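J.: In case you want the letters, here they are:
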Amino acid sequence: MEKDSTLIKGGDYGGIRIRDAGKYVLLIVLVAICIALAMTTPRFFTVQNLMIIVTQVSINALLAFGVTFVIITGGIDLSIGSIVAVTGVVAASFAHPDTYPVIVPIGVGLLAGLLFGAFNGFVVTRTKVPPFIVTLGTMTIGRGLALILSKGRPVSNLSDSFNFIGGGKVLGVPTLIIILVVFFVVCTVILKKTVIGRYMYAVGGNEQAAKASGIQLSTVKMIVYTLCGGLAALAGILLTSRITTGQPNAGAGFELDAIAAAIIGGTSTAGGAGTMTGTLLGALLIGVISNGLDLLNVTSYYQQVVMGIIIIGAVVLDSLKHTKNG
Amino acid sequence: MEKDSTLIKGGDYGGIRIRDAGKYVLLIVLVAICIALAMTTPRFFTVQNLMIIVTQVSINALLAFGVTFVIITGGIDLSIGSIVAVTGVVAASFAHPDTYPVIVPIGVGLLAGLLFGAFNGFVVTRTKVPPFIVTLGTMTIGRGLALILSKGRPVSNLSDSFNFIGGGKVLGVPTLIIILVVFFVVCTVILKKTVIGRYMYAVGGNEQAAKASGIQLSTVKMIVYTLCGGLAALAGILLTSRITTGQPNAGAGFELDAIAAAIIGGTSTAGGAGTMTGTLLGALLIGVISNGLDLLNVTSYYQQVVMGIIIIGAVVLDSLKHTKNG
Amino acid sequence: SQSSTSEKGQNSESKKLVVGVSMLSMQNEFIVNVHDAMVKKAEADGVELITVDAERSALKQVEQIESFIAQKVDAIIMNPCEVEASSPAVTKALAAKIPIINVNSETSTKPTAFVGSDDVESARIAMKYIAEKLGGKGNVVMMHGYMGQAAQIKREQGAREILKQYPNLKLIAHQTGEWDRAKAMSLMENWIQSYGGQINAVFAQNDEMGLGAVKALTDAGLKDKVIVVSIDAIPDGLQAVKKGTLDATVFQNAEQQGSKAIETAVKAAKGQAYDKETLIPFQLVTKENLAKFLK
Amino acid sequence: MNSHQDYILQVRGLTKTFAGVVALDNVQLNIRKGEVHALMGENGAGKSTLMKLLIGLLKPDSGEISFEGTDLTTSHVREVMKRGISMIHQEMQVVPELTVAQNIFLGREANGKLFSWLNDRNLTERAGQLLKQMGVNIRPDSQMKYLSVAQMQMVEIAKAISNNARVIIMDEPTSALSDKEVATLFGLISDLKQKGVAIIYISHKMEEIFTIADTITVLRDGKYMATKPAAEFDIHTLITMMVGREIDTLFPVSTTRPGKEVLSVRQLCRKGKFSDISFDVYEGEILGIAGLMGAGRTEVASAIYGLDPADSGELYIKGEKVSINAPQDAIGHGIGYVSEDRKKFGFIPHLSVRENITLASLPKYAKGGVVQAKSESETANVMMADLKIKASSSAQPVKQLSGGNQQKVVIGKILLSSPSIIILDEPTRGIDIGAKAEIYKLINQLKETGTAIILISSELPELLGMSDRILVLAKGHQTAVLSAREATQETIMHYAMEV
Ligand SMILES: Nc1ncnc2c1ncn2[C@@H]1O[C@H](COP(=O)(O)OP(=O)(O)OP(=O)(O)O)[C@@H](O)[C@H]1O
Ligand SMILES: Nc1ncnc2c1ncn2[C@@H]1O[C@H](COP(=O)(O)OP(=O)(O)OP(=O)(O)O)[C@@H](O)[C@H]1O
Ligand SMILES: [Mg+2]
Ligand SMILES: [Mg+2]
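Protein sequences appear in the order of chains V, Y, C and E.
Taken in order, the first sequence gives residues 38 to 363; the numbers are from the numbering used here.
Taken in order, the second sequence gives residues 38 to 363; the numbers are from the numbering used here.
Taken in order, the third sequence gives residues -6 to 288; the numbers are from the numbering used here.
Taken in order, the fourth sequence gives residues 404 to 902; the numbers are from the numbering used here.
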């Protein structure tokens, strides 16, 4: 009896879950990089700079949270960068001073993003087109829409209250940081504590098994893409507010950064595994390196080389742990 | 006994393979689009225009061939756009008039690409880092290298013989078309007729089972990434030759187009399925639409929207066939 | 933050001025040239430069300026990505009482000083040249940069202003070539298919695209019949003008923009008098006046 | 015979085709409350397809399904399960990253309401109780991916019975189980019967059918043959009805005498899995390995094959010490391995039957790296015919084959690589009785040509019928090596339970 139970390792009751253990290594890597930077440049380890890093990371992190949901179910969303642009332009159009109360641009922007995401989900679930192609298609479509809606010009002259959302401070803390923390908690709870979160893991871990257990794949996927669209919209609104203008070409390439953050954070490209904490750490890692390289005044060409090496290196270290576990 | 033998209906050569049936639908879609364009604008269906389309498609198609190999084994290569830039810059540096014979820039460029690909393969096989992150990292590194090598400036003033490779004509046929055809055949043969090609399908279809069948996973993956690097180098050299200058920022975003061509052509993102014919059709589809939209003088904002819709639509049609199969 | 002030106090014992520089894109040759001029001038003046590349992202640029502010640099030079979107950076720098100098292009919020030229003007010059060459009559096509970017918007604006003055000059097609030579070449090939002999002139919003158009036209044997004009006067562009394949380009003085920007930044940081606006004029480059631009 | 009201589940005129292949043709099935209804048929007869139609995973082309008077013909799985039908799938349907408890209650947490809170502690507790009641020793909080195939199978059983279903479909639930767990399952089944639950039971193990079935329905080539009380069948009539011909001897008689020593295993150890395993295998000999679930048989086999190399110990092949760190080393030394987990290690789903069969010996059919299509195809066709693999053609992807036929493909692949040592881990798992006889014949042929064979099986009759000697493992230790004469069910069980 007791002998058998020793054969089954990897219990997670109360202890560290195997699935989550990865993030601790990543955390150590992140802390190590921070210490190294703090020792190299006195400008790094200041409250102000750390706050700047988190602020800078927040938009990527929000996008990465959304895409983490999608990747966990075994999908992918390349359209988030375009959603940022579309929702930014849409929100900005309703955010001119003395027109609507600030809730209107926020609401309309979010709605646009949710609809965009729902459209992705609809095509993914109603057809057999791979999510990569669906969202690559909607990425192109979205970019076109943003340009059409804005007639190719930035939408500016936004109200102060709108510009406050992503650019203001509350008790000295940038709003972006507060929003990031709130949504980090919300996304973690959705993923870990709710039935739908469990279904995301199940669908990504084994679609057939999920189906055989009576889980409606299309519902789960619809929710996931819609959620991702919503978070991208939030990112788009915050970005617009932060740069005080709705740019039709904003967000280009953001999808790769967000996906990178999720995967660096341990989300499996095959689906079925991933955590919001990991994703947040992934986003912070990218942010810290980028900030550090700027502080160290590394020439921009070399920055790219160093950035690439550190990211690969961090994930190599992170993956060593898995090797030991067999 | 005779009952049993009817169960085995012959071999499969000569007939249409189930796995390949998909490409016929795509071919029909492509032909339909061509007919529609030919009816809308008389300028579409001319030998000259068709030749231009194929020329324009060729560089994306070569990249897509390489990435098809990689995706079939279950991997991904995001660094190909950067390889185009690095190899282009490297080749151009050796291609100034009256320096080296034209074989030198070609050889050095190809070598650089093969090494770059081998490095991707090395990291993918020696570490547990997902290919997405490895090649995203080397994509950044590669871009940095191209900028460092060229000091951020185009490398121009190239010899006529070098410029002929990608810009010349042989018996009225552009060299790019000839090279495309040759490499289409070579890649098809590798994938379909050789042992290593079969192993690529096996590794992508079920890595564990492939390993248990005695296939050395790391060897197959090394070959695949190296091959992909080599084809990207070829694309880089041809692009450089075609535009008569080595651009450090060339090839940005090419990876998405190439991956799109492969997936539109039926390569499974999960690995284990795909054909070069499909990939070629995918690349042609993108090329024809893009050419058609230019010929019809569709405004650039709307071009993007239409492009996205047609690509999704084509793959929807293509996938309907699979639905019938259950 | 108090401790960091004291640290800075120690640092500034060397009295070397620190200038933070955020450039639009270090993958753009013209921008690299501006930056090179800055580096040269800074070395001569004993100024320390911290250069960062915004990679065409206004958001990134705003963040970089925030970072400069946190580092308490003595002055900031910004090569704005966007007119509007880069403005918060200016606001923030001004609020932190750090002089900020815009180089090459503008933001809607007025910075401490501006050094550069008006992009709209460059397109006016280019298009005017085309109009004159064609005798105010003919068919023109235009190649845009990345849609929605400040430079694209301004260059389009300038071109359209001139087109309005010449009712017989028709813009028969315009499309983006994304600042890229290869994309522009493909675009030109496609246009040749649809318009064949109808095109009389090409206006490309930068030299890279202009050179792509030249290549496509040359391959099709049409270069003699079509005028190509672009902007930037990069070395390749000048060479093409020399060869006669590119009919004209518009010279933007990178060297002056760069060195004047440093000069202004240093003056502003030291509290000396400086010019609020240093406008460096564009110049049309054709075969006739080419010699003075070739180094 | 019976009035219609007795039937809890009725199927009429069900037809299903896949890409032109008729899997089911006008099939009927009537299930009574509280009965164990065996569904019998050869590999590819359409049993699993019929069950997938019942549970709502597939939609029929025509026909109808009614359950307790309601029509379920086009209902979604979720609805069918809610109404009271659950299913143990032939191909295990587990989510590897989730825990045992999470798998058991998947789809039913908080009644499956998408936007409600999870209570994992509660799920784990309930799963723990359930497993304990079943007499299964598996931690409810361990991740599914760390379980052996047999343990996963037990979890699948737990999942199906925890649904309070009134009909439970069991598609080959015992294919990965050894006798002890089979007994546990049968105990559960009789409890369920008491409660009036009907069981649809599919298995290729004849003894099981005659032990528990009340009624038997036979399918052949997708067609309904007959339904009769089990008592009216004997093994011969049943087999004849299934196969359409007679099968006289299951285990062929072998006259070969073992030759020279081929493989020697010395003090093979892997921490926590097995220790001190030493044995020899001779030319033309079949060494059986017996043991209970989790005894470490599979672990020993995969250590020898290099899939999961041992920590210490030595391997000798024909007297020479060899080191095997990966399967290709093993293959190089002439070892072939048929894994118990065919889905994971056995075949490449997208590839065709032909491509799978030749995969391990492809270089033999290639010249200068180029595969010779003709010789490859011919070889594959011969193997398909030899093993009676039921497929529309050698070009059919293996993922479309029935479970048993997939297993045959895997065996064919290893046979083709003509190994001098072959390790068969549960080789007849899910294989019908006719094909079993064929496979035994093939194993014997191999033996006669001097191949050394290691046969791991949870079916004692199979081990006893085939082996020359039997090695018994218990909890990772070697407890006996029995000669064919000494070996009986009792002695083997005795040593298998030894600590
Ligand atoms: N998705 C599919 N596409 C094509 N053919 C299929 C598919 N699924 C099943 N088949 C075919 O349907 C037939 C019946 O298969 P099924 O799995 O029902 O057999 P089975 O009776 O369960 O066999 P076994 O005892 O081997 O499990 C087989 O010939 C199989 O090849
Ligand atoms: N990756 C793993 N992590 C933890 N435990 C494992 C792992 N793989 C196997 N085990 C455990 O090791 C034990 C031995 O498994 P093995 O498969 O060798 O047993 P076996 O004798 O072949 O029995 P059977 O195949 O009938 O289950 C099992 O209890 C299994 O749960
Ligand atoms: Mg079956
Ligand atoms: Mg076993």
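Source of the hints: derived by calculation from the structure; they are not laboratory data.
Be aware that a few hints might be false.
[Claimed, not checked] FRET-style restraints, in silico, Cβ to Cβ:
no., chain 1, residue 1, chain 2, residue 2, range
1, Y, Gly144, C, Gln232, 18 to 28 Å
2, V, Ile215, E, Phe421, 52 to 62 Å
3, V, His133, Y, Thr136, 56 to 66 Å
4, Y, Tyr339, C, Pro160, 20 to 30 Å
5, Y, Tyr339, E, Phe421, 56 to 66 Å
6, C, Lys157, V, His133, 20 to 30 Å
7, Y, Gly209, V, Asn334, 51 to 61 Å
[Said to hold, decoys possible] Straight-line Cα separation of at most 27 Å, DSSO-like style, residue types lysine-lysine; simulated pairs:
no., chain 1, residue 1, chain 2, residue 2
8, E, Lys746, Y, Lys229
9, E, Lys777, Y, Lys229
10, E, Lys485, V, Lys229
11, E, Lys721, Y, Lys248
12, Y, Lys248, E, Lys674
[Claimed, not checked] Selected chain C positions facing chain V (in silico; Cβ < 7 Å):
no., residue
13, Ala51
14, Ala63
15, Thr271
16, Leu272
17, Ile273
In this text, all values refer to a predicted model and were calculated from it rather than measured experimentally.
Heads up, the beta-carbon is just placed ideally off N, CA and C, and yes, glycines get one too.
J.: Below or equal to 27 Å on CA atoms is what counts here, so check Lys777(E) against Lys229(Y).
T.: 14 Å, holds
J.: Any CB of chain V closer than 7 Å to the CB of Thr271(C)?
T.: Hint on Thr271(C): violated, closest Cβ of chain V at ~25 Å, above 7 Å.
J.: Leu272(C) was flagged as interface toward chain V. Is the shortest Cβ-Cβ separation under 7 Å?
T.: 23 Å, violated
J.: Verify the CB-CB distance for His133(V) and Thr136(Y) against the hinted window 56 to 66 Å.
T.: 60 Å, holds
J.: May I ask you to test the interface hint for Ala63(C) with respect to chain V, counting a Cβ-Cβ separation under 7 Å as satisfied?
T.: Holds, because the Cβ-Cβ distance from Ala63(C) to chain V comes to roughly 5 Å (cut-off 7 Å).
J.: Falls inside 20 to 30 Å, the C-beta gap from Tyr339(Y) to Pro160(C)?
T.: Holds, since Tyr339(Y) and Pro160(C) (Cβ atoms, about 26 Å apart) stay within the stated range.
J.: Given the hint of 51 to 61 Å, check if Gly209(Y) and Asn334(V) actually sit that far apart at their C-beta atoms.
T.: 55 Å, holds
J.: Hey, Lys721(E) versus Lys248(Y), does the alpha-carbon distance stay inside 27 Å?
T.: 25 Å, holds
J.: Hey, Lys485(E) versus Lys229(V), does the alpha-carbon distance stay inside 27 Å?
T.: Since the Cα atoms of Lys485(E) and Lys229(V) sit roughly 25 Å apart, the hinted pair holds (cutoff 27 Å).
J.: With a cut-off of 7 Å, does the beta carbon of Ile273(C) approach a beta carbon of chain V closely enough for the hint to hold?
T.: At about 24 Å, which exceeds the 7 Å cut-off, the nearest Cβ of chain V leaves the hint on Ile273(C) violated.
J.: Holds or violated: 52 to 62 Å for the Cβ distance of Ile215(V) and Phe421(E)?
T.: For Ile215(V) and Phe421(E) the Cβ distance comes to about 55 Å; the hint holds.
J.: Verify the interface restraint on Ala51(C): the C-beta must sit less than 7 Å from at least one C-beta of chain V.
T.: 5 Å, holds
When the structure is compared with the earlier hints, violations turn up for hints 5, 15, 16, 17 and for no others.
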